[in-house]
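Sequences and hints are given; from them, build the entire structure.
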Amino acid sequence: MLAAMPDSAPSPLSVGGTSPRDGGDACPGTLRLHRADDGALARVRIPGGVLSADRADALLAVAGRFGDGELHLTSRGNVQLRGLDAECGGGPAELLGAAGLLPSAAHERARNIVASPLAGLDGSPSVGGWLSELDSLVCGSAAAAALSGRFLFALDSGRGDVDALGADVTLIAEDGDCLLRVGAADEVFRLPSADGPRVALLAAELFLRAAGDSGAWRVKDLPDDVRTALVRAVGATTGPVVHRPRPRTAKAPAPGPVTAPNSSPPATTTATVTAISVGVPLGRLAPAQWRLLTETARRYGNELRLTPWRGIVIPGPFGPPGSSARSGRSGQSERAAEALDALAAAGLITGPDSPWTGVGACIGHPGCAKSLSDVRAEAGAAVGPVGRLPVYWSGCERRCGHPHGEWIDVVVTPEGHRISHVRGDHRGPRAVVRNDPAALASAVSEARA
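Once you know that position 105 of the sequence shown is 105 in this note's numbering, the rest is easy, because the numbers rise by one and skip nothing.
Simulated from the structure, these hints should not be mistaken for lab results.
No residue lacks a Cβ here, since even glycine has one placed at the ideal position from N, Cα and C.
Incorrect hints may appear among the rest.
[As the list claims (entries may be wrong)] Pairwise CB distance ranges (calculated):
1) P240 to A142: 28 to 34 Å
2) R398 to R434: 19 to 25 Å
3) E397 to R423: 26 to 32 Å
4) E397 to G212: 30 to 36 Å
What follows is the structure, encoded as structure tokens:
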């Protein structure tokens, strides 16, 4: 689970760089698959990461019938299906559409929405109303169909978690109102909460007009003067300006029980277990793990929330705090303890002491032809004590899926594994470890500490 942070680098178009569109928008979807070394890849957008148990079943059925059976979580809370047969045709899309996971063929790659996974569960307000309305508005907008697969909306419950992810348009709940941020601008606009989804879509449509022929896929790719003009154009349609710099860090929900203050009479300071949170090692779920997660969700609340940190939150209700004599845990309900024990036995991260906490990797070899090694296996072999910093393993210089912010960067090069400490736009001293697994594991552990 890696804390993502915004990219503050200047637009490539402002410094004479290459347009992002020069290579085309290659983001895969459900209808347009990506060819990988292990077969075709489909990326299924899950707005807000919110899945019902029945829709989770449908995803597993498609993965098993047409792919390798596994489900891979992305850094936007979506699901990737890998190893799809080249002859699968429209079969996956047909099954996903029947399950309600493909409401608009024209907009299936534009439905990129992340949401605070603990919204409404930890005392912060729910963003469920925003989510359903914004998704409906996006799918109903002819213009929005032109948004790239990279353009991102974020719905933040006020925790600052997804506000820190560098989305193109962000809504933030505050004191019953709504703050709207465009790109990484420090200035946000206050407006009534009910107007949030409509204005968020308007901001996206204004972006498309501003992008024009510039080749920008995202707000950060616009030339600086065009981006400034876009923010002003959005501001002209909203309320007062508020100075609110984007948070510099974003933390994933801690694995384990999720609690919220108990507001039910009689008023007490006792918290209630409202959900459980688990991490997924390397974001990769075997069929048995997915089935267990789905069965757990169906038993307690019928909902799963996939997080942008490759984890899953399962809302309850799980009941008031208590103790579990069997597990030795205290401060959580017996039902939550039993669910977490079962998920831990299945190999998922259910507490902060898991050695997999903070470890991430790209798909690596053999799934990707560009990768120079099987970085997932290497990451597993190098897993040690929990480190202070997260670590991300990349099989080549592209570093697909890497986080932003402060982290340990491990990249495979022809010379060996290059290890460096990244903090924002600054990269610290680099060390290269050549063909020595034990030395590599030791170096990574030392760097994380």
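Against the structure, the hints:
Distance hint check for P240 and A142: the Cβ-Cβ separation is about 31 Å, which falls inside the suggested range of 28 to 34 Å. Taking 19 to 25 Å as the suggested C-beta distance range, the pair R398 and R434 conforms, at roughly 21 Å. Distance hint check: the CB atoms of E397 and R423 are about 19 Å apart, inconsistent with the given range 26 to 32 Å. Here the CB-CB span from E397 to G212 is close to 31 Å, well matched to the stated 30 to 36 Å.
Consistency with the previously given hints fails for number 3 only.
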